[in-house]
Amino acid sequence: MPTEELTYREAIVAALREEMQRDPTTLIMGEDIGASGGPFKTCLGLYEEFGPARVRDTPIAETGFVGAALGLALTGFRPIVEIMFSDFLGVCFDQIVNGIAKHRFMSGGRVKVPLVIRSIGGGGLRFGAQHSQTGESWMLSVPGLKIVCASAPDVAYTMLKAAIRDDNPVLVIEHKALLSTKGDVAIGTEPDGALSGPKILRTGSDATIVASLAMVPRALAAADLLSAGGIEAEVIDIRVLRPMDTRPICKSVRKTHRLVTVEEQAQVGGWGAEVAAQVVHEAFDYLDAPPARVCLPDYPLPYSPVLEDAALPSPEAIAAAVRALM
Amino acid sequence: MPTEELTYREAIVAALREEMQRDPTTLIMGEDIGASGGPFKTCLGLYEEFGPARVRDTPIAETGFVGAALGLALTGFRPIVEIMFSDFLGVCFDQIVNGIAKHRFMSGGRVKVPLVIRSIGGGGLRFGAQHSQTGESWMLSVPGLKIVCASAPDVAYTMLKAAIRDDNPVLVIEHKALLSTKGDVAIGTEPDGALSGPKILRTGSDATIVASLAMVPRALAAADLLSAGGIEAEVIDIRVLRPMDTRPICKSVRKTHRLVTVEEQAQVGGWGAEVAAQVVHEAFDYLDAPPARVCLPDYPLPYSPVLEDAALPSPEAIAAAVRALM
Amino acid sequence: MAAPARQSGPSIMTTREQAASEVSSGGAGRNVRLTDENRLALYTMMVDIREFEEQVQRSYLEGLVHGTTHLCQGQEAVAAGACLALRQDDYVSYTYRGHGQCLARGMDVEAAFAELFGRETGVCGGLGGSMHLTDISRGLIGAFGIVGGGIPVAVGAGLSAQLAGRGQISVSFFGDGATNIGAFHEAMNIAQVWRLPVLFVCENNLYGEFSRIDHTTPFEDLVRRAAAYAMAAVIVDGNDVEAVHEATAEAADRARSGGGPTFIECKTYRHRGHSRTDPAKYRDPAEVEAWLARDPLITYRAGLEAAGVLPVGEADAIIESSRSRMKAAAQQAAAAAWPQSHDFAAATFA
Amino acid sequence: MAAPARQSGPSIMTTREQAASEVSSGGAGRNVRLTDENRLALYTMMVDIREFEEQVQRSYLEGLVHGTTHLCQGQEAVAAGACLALRQDDYVSYTYRGHGQCLARGMDVEAAFAELFGRETGVCGGLGGSMHLTDISRGLIGAFGIVGGGIPVAVGAGLSAQLAGRGQISVSFFGDGATNIGAFHEAMNIAQVWRLPVLFVCENNLYGEFSRIDHTTPFEDLVRRAAAYAMAAVIVDGNDVEAVHEATAEAADRARSGGGPTFIECKTYRHRGHSRTDPAKYRDPAEVEAWLARDPLITYRAGLEAAGVLPVGEADAIIESSRSRMKAAAQQAAAAAWPQSHDFAAATFA
Ligand SMILES: Cc1ncc(C[n+]2csc(CCOP(=O)(O)OP(=O)(O)O)c2C)c(N)n1
Ligand SMILES: Cc1ncc(C[n+]2csc(CCOP(=O)(O)OP(=O)(O)O)c2C)c(N)n1
Ligand SMILES: [Mg+2]
Ligand SMILES: [Mg+2]
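Protein chains in written order, with our numbering: chain A, 1 to 326; chain B, 1001 to 1326; chain C, 2001 to 2350; chain D, 3001 to 3350.
Everything labelled a hint here was simulated from the structure, so no lab data went into it.
Treat the hints with caution; some may be incorrect.
To be verified - Here are the simulated PhoX-like cross-link-like pairs (lysine-lysine), alpha carbons at most 20 angstroms apart as the crow flies:
hint: 1; chain 1: A; residue 1: K199; chain 2: A; residue 2: K251
hint: 2; chain 1: B; residue 1: K1041; chain 2: C; residue 2: K2281
hint: 3; chain 1: B; residue 1: K1182; chain 2: B; residue 2: K1041
hint: 4; chain 1: B; residue 1: K1199; chain 2: B; residue 2: K1255
hint: 5; chain 1: B; residue 1: K1182; chain 2: B; residue 2: K1199
hint: 6; chain 1: D; residue 1: K3281; chain 2: A; residue 2: K41
All chains, full assembly: derive it from the sequences and hints.
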């Protein structure tokens, strides 16, 4: 398989293009994603290739078009919707949690809902409190929904492909601070297993760091800092929040005896608590210290650059959390 | 102070009535809460006493009237809104998480948002997947919001009063399966400290059970079962999910060495994970076993009585979870 | 003060504006021919819906139906009339008050009862319940318990129909109260802008739960809301099954041939309370009485009898037979097994 | 087919229906008298807004403004004209494109710049940013970044005004694109049903982000949407500051005296792209040119000069002085300290 260096943004576009070529029942809807290629250019060129019927600009009506996606999914299509900022998931929350996530179950498992919600979230770009959330936790408790997080171009590529092929609703969270990051992508790879769960990105013996989205590169940077000081951290990208599979994490902690989770959201209600609780449950006797969690402070993300930077977990802060466990 | 035996429903009405008498800037809005007293009769008699301006029927427009509550709160009123079923919090989710919860912070702390959202949730009444959720977890991760859970008449009474007097947005979750339960309520008590956190309802030395809402009476019933077998469980009503204060729970676990959380929602994304993670962090060396969590299974709540009953944590299941730790 | 310079819109606008002017009173020019057979079928379907709901009520009192249930006695003409205009491969979304639509689309009655009773043989295996009867094989894409929730979903099915290009349409049934919620508005706008083959059938029964329409809405003729989207719209006597059928058939024809969506307001009334616990005391007895006199089953029967389509006495036989069929189906359903409490992974994820 | 029997609504309905017929073209009968002083103030305010935005743009390029920012050059007449009709104790909600409203309500310019620069002296202490300028002391109850999000909030402030009974009103400013989202619809209906003193000022600048209105909406005259709520409505040239003022003043008078809400559509145009990263290539150059020729600052200046209200040459001095004031304010703001990174508990909870 050819490997190409792509940006995260290009990886998204490539995944969309290939899946839309592969399956004529796929289509994508969202605000200003047509001729303009999308506010974040994550649909660049799709309109030209697939036309307005399959690359569809919508009115500003998230409830309307996300609900419409459910109607499409129930009647033979495989819709993809783009939510421009993850923060706007709040506007169509009902359609997602009460409609999309529950429809199959309420039908007795007699309908399928092959539907992808791509949503672009995250802080660090000084967009203020209403345009910087990842939205990860809002739906963490919603059965019937799959939730995946793309931390790098190759993950964005395979996950999105797998999500589109999945017969269930999948929320794919992308991170706007990663859009221009580059990485090798194995173009044309079959996405089998891409939704299967956590992935070890760096092996280590002294501590396990689990991170999501933009915290993954920061966790890797923290591992570099730690390594310079003689501590070898294993870094895991959690990737799939729902259904959550912590077995690889538990296995890692049985080896390293220490766990630090890193997430770009407040501590209470975050996935780190679940990981910590499961690890404690499964690997209680292997832990040399209670799991630590590095999170956002418990207030909305501030606009001012100095404050936003201070709020976001830095590689130094992550490394410090690991050191504190040693 | 006089103590009266009231139903949970009556306790809610009493709290509303007293606070509305006390402060003319309070008012309540919701669907069919006026002359009819509310679909669950939680506003019975208020319309007659305070009139249509302060006990206000709304169109079916949760986004509209919850957003309107923010406008009232910013301009000198203390609005209370009733969300008929907690499931409908999804419909006005954006107004709550992006508007109400963040408005003060985004203003630099220069505005106040004294606003109460009362929402009636929970399963056990065969209302099916879209009318049986407690909604606790959806907003667990939202800074700027206080979230409290009423497990009994006296809690409903004091918490609601305290929430109305609080200068911040408070989401009060009530449980429809508890509406007719009776209990002693100290009418006229000042609600000071009612939002302060967990409360020990039964002392015990062998295990700590922490529960919310309708799981509280079930946890107490489990404690009875356990006691008959010689195990003394301490039962704690968590009461306040946001801001979460686990110190009393940690203290209890340092005594009992065992923790079981019980919540009426799926495990992933629930508050039980946060409690477990904090207890592990604060009382790691005191734990004799990893914390256990009793939750709903990871699917929407089914309609059929046999299935719904099997899904909801029973006293027997809670007791079994405690025994498994011994 | 000069009018602001404006670019002229695309030519599609003209058609849209035309559509807006098509707001009419249903049944102006009966160009939809109904055979006597059709008429008997309409009457029989209304009887079936009525008898189904009456049986649900009895079963509820016997403890067989759980939780709550929202019945549609008095509104049968809307479901029966509208659904007769549909093809087998059309799509329908509806609400918690959707038993009528399900029956009018041919849902198996025993499977419907079994669902209401929470049994394994229920149309949703007991997982859905009274508010969530779904049968995708009949285009019954879903019953939505969240007010307004199903309207955008029907719009998506309409987009599906448009893309498939086989002349299908999608119909969304909802109540008067639902026209006050955002989902309705977003769905209407999208359907019109994309010229989707969607019929918005508003069952204006004058009440939300306990609030009369004038308490929550600035006027009673909800058809006026369609103008906000330049959508074709029609107001129809929702207790006149033929009028409903005709308006629906006309709108369906237009939609199938690319003419876009239509809003159809059906004036009707629910005989009972909002749900099982509601005695509906908030209604003016005179209002109730006036509407009971306009019971669609009574007026249609009288009309058919007068026209000689329905031999006198035959109606009683139809009712009798329907009643016993419903009773038998309910008995069968009540004898069915409870669902096994097992692992629901397969029901949750495909 | 008989029309369905209907109960007559309460008498308030008549008034509502009357209101619906009041859809008019703004400025029909100028009964709002403006003094020359008012006119100069209007012009000066528009210049201030323009110069503020131009300075923001320069500061952005210097790296002083962070993230993104949404400017309103070309739309100054709406903010200036509407806000002149308001009282000090009225309430205003607006959007991420709300700098104009903030200035027109008297927000301190240096504090506004400092907020955009993320400084401690910012009007929100650096916590809000360009999209969230709020100053409750001037009735500036909030800038909303979620499209449509501020409209129900303004309705709540309108209810507050009605309950307080001191003749205050509430105004919500929002864009054309916002009329497609549910929050708009729910807010309009509630305001009308409760007859709240709320003005819905729609700045129809023909575009959402990159989509022209005809791509997302069935017509360009959004005033037609008000009929869905039987709401009084007026269409006005949003580049004519006096027309905007007059329409607002009339609607405000009506609202203050219990006459209920009004929808005011202001036809206008943004000169720049949607936000800082948008070169706005999606617009027809002829359209842009036509609108630039109707720049509200240029046309009003010409009118005032022709009427002798503004001595020739004076406008340049006003512009020059405004520009240096904005520059000085920006410099002051840029010299201000960064906020201290501390515990934000007090900013989060009162
Ligand atoms: C979003 C939402 N809010 C409130 C409710 C509670 N509720 C259920 S039915 C109903 C009244 C709906 O009235 P209408 O749309 O006229 O339909 P009808 O019941 O008359 O058929 C209400 C308020 C709900 N299900 N969903
Ligand atoms: C709910 C929601 N969806 C999408 C966006 C992204 N967005 C920001 S501004 C905008 C266009 C709004 O257009 P309009 O209402 O006409 O206001 P204008 O920007 O022209 O002033 C969009 C789509 C948003 N902020 N909120
Ligand atoms: Mg109704
Ligand atoms: Mg616009």
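Check: For this structure, which hints from the list above don't hold up?
Finding: none
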